[in-house]
Amino acid sequence: MSDKASEVYEKTMRRAAYERSLTRRRMLQASAAAIGAAAAASFVPQEVSAASGKVVHFAPAGKRLDGTLRAVQPLFNKAFPNIELEVASLPVGEALTKINTYMNSKSDAFDVITQDHAQFPALDAIGALTDLWPWLEKDKAWYEDYKKDVDANYRSMWNVPKGPSKDEGGAGYVAAITPDGNAMMTFYRKDIFDKKGLKVPETWDTVIDTVKEIHDPDNGVYGYAAAMKRDFWSGYQFYGILRSWGGDHFIDWPNGDFTVALNGDEAFKSLSMLVELAKYQHPVSSNASEDEINASFANGSALYSPLTWGTAVLNDPTYTDLHEAWHMDLSPRGTSEKSAHRALAGGFGQFIPTWAKNKDAAFDWMKFLNSPAEDVISAIVTAGGQPSRSSALNAWRDRKPFFEGLLKAFPVAVVNAPVIPEAYAIMGATGEEVADACNGQKSIEDAMAAMQKRVTRIMEDSGYYN
Amino acid sequence: MRQSGLGRVINGLTVLAVVLWLVPVVWVALTSIKPANVINSPTPTFFSFTPTWAHYLEVFERFQFDRAIANSLIAVGVSTFIVIVLALPAAYACARMGLLSGDGWALFILSLRFMPGVVVVLPYFLMANYFDLIDSQLVLIIVYVAFGLPFAVWLLRGFLLDLPREVEEAARLDGLGWLQIIFRIILPMSRSGVAVTAIFTFVFSWNEYLFALFLTYDKATTIPIALQKTIDLYNVLWGSLSAGAVIQLLPMIVVVFLLQHHIARGLALGAVK
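As given, the protein sequences belong to chains A and B, one line each in that order.
So the first sequence is numbered by numbering that gives the first Met the number 0: it starts at 0 and just counts up by one.
So the second sequence is numbered by numbering that gives the first Met the number 0: it starts at 0 and just counts up by one.
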């Protein structure tokens, strides 16, 4: 083993010792991870950058967001002493809209920005995104490695328009790269499922029976929980099921057909499932975003959710004593011919604003942050991040079942909303109708009719049908 | 002296009200020293846990509360001082010099404080961006002065109207000018009113969120913004949030404790009586 590999091995073994129970299996897994990571470390760009000056990276606050940047920052400072890196952040609840405000005012205050995937169409519409090709082209070895390591399905979400980039034969340009991976998945208590001999539901028709088996409200334990807050949260729940049945908001939006398709069989089945599930839901569900659902998972009062963003925090021993019990898997699929596992993918990408002052140095930082180097990945994961690179997910999946879920989800990932600036408005409108149906304020048919009408109106107002 | 039955009931209700008010505050203080897995456990725990300072360390190390506290103290302290220095002569002019002296004018001045901040936050943002003042303490001071001034003028005007005119007339006969009268005669006489006004102004700005959110993003962020950062993506860091809340509350408790006799007197006088 080389010196570098030995060093990486030592570090990994120390980390493994930190784990609560150090089993022989874990030792072997840690060794394998170390060897893999040491091999990956050889891909770190060795070329010394000529870029210098100050780089300001703006990110929403959060362990997974600015937290991971700050964790990698010392490593970057050491590797790139000519570049002064500053990380700025604001509360995540407001940062997403603040970023758009800054970009609308053509602010040159930031050189790199971390933004939610769903906001990229809006950023593109105001010309805020920089085509990263000139920089990717300069370090093709790094780019090829990135392409190989980050699932194409997930990576292409950061191209504008979505799909393969020009260098891969598509029409899009690479607008962002991302060390952050996320997808909607099934979250379940493995200990309970194992005890009751239950399998994770593969299809929606088995979900209710599974929920009934574990539902025990008299003892404060609920078989189902999901973020069903009356806005885009419940919209995501609906959309996740709809996609798994082969449906969508529109007939064929990727090819420009924006005829609203929320009055079909797939929409009916999706909404019916949510209405049925509502009978077993944790009391917090009907007004819950993921914050509350994660809390119900963490305190053991909810046992299962077929569709949840969740994040890797459920595997964090400092967050919950149940960190080893929570496992993740693919969300169920429908049973029709058009059905398939389709995981709504989210995540945050980093882009260089059009008005950035130091783009060369900014890209050096982005490249470093998205490096496969073991110490960078270790810093990101330890800080609470959830990588997009398969090598990183593989290296850590024994300690983070969430990563195992991501590895399954990325190959079947689909965008979490139509890639248009109106996406949030549509999610909000559909979500409100979904919530009304689940709360018994509307029949399924009435809610579907209202969805169809409201989404059509949004699209009309935006001029899609002129 | 023996208490009457009614007195005992009133005292009991008062104690109950205080306890009801204190329970959430105590709960927040306890949460700030509970380990995260105890906070997230299904059974709420009052005292049976091993205290930890980890959340306090985290708010300083990760959420940079040291900088946020300094920013808040500077922005709020300086703006409160400026507001009082400007509001006192303005209020005196309204109360004594016949300038905008009617109650209608007083209400008009106060109405400026009623304006929702969200109405003007974007123009402020654009102006601050134009003058390159985004993320500076100066821009917060300017905004806090602009928003604090109308209320301070209105409040002080009420206090000044209650002061006896004879003292000022005597001072004028002795040759003092307006500014000398204000700062050498009026200010000492209305110390309680000024203290109450300063406290209200300080508290408004100390807790202010919207302008700090729009006009700062890093170096000049204040405590409410740093506190909000403890709400992570998809999970709330209750321990850090509670630790930050305790830290935000402490200066208020200290200020109110030190100035409590002024507050009691001030509230019994002037416009808010």
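Be a bit skeptical, because a hint or two may be false.
[What the hints assert, rightly or not] Okay, derived cross-link-like pairs now, BS3-like style, lysine-lysine, Cα gap no bigger than 30 Å in a straight line:
{"no.": "1", "chain 1": "B", "residue 1": "K218", "chain 2": "A", "residue 2": "K195"}
{"no.": "2", "chain 1": "A", "residue 1": "K77", "chain 2": "A", "residue 2": "K189"}
{"no.": "3", "chain 1": "B", "residue 1": "K218", "chain 2": "A", "residue 2": "K53"}
{"no.": "4", "chain 1": "A", "residue 1": "K211", "chain 2": "A", "residue 2": "K337"}
To be clear, the hints were calculated from the coordinates, so they are not data collected in a lab.
So, going through the hints one by one against the coordinates:
no., hint, result
1, B:K218 - A:K195, "53 Å, violated"
2, A:K77 - A:K189, "42 Å, violated"
3, B:K218 - A:K53, "15 Å, holds"
4, A:K211 - A:K337, "27 Å, holds"
Violated hints, in rising order: 1 and 2; the structure is consistent with all others.
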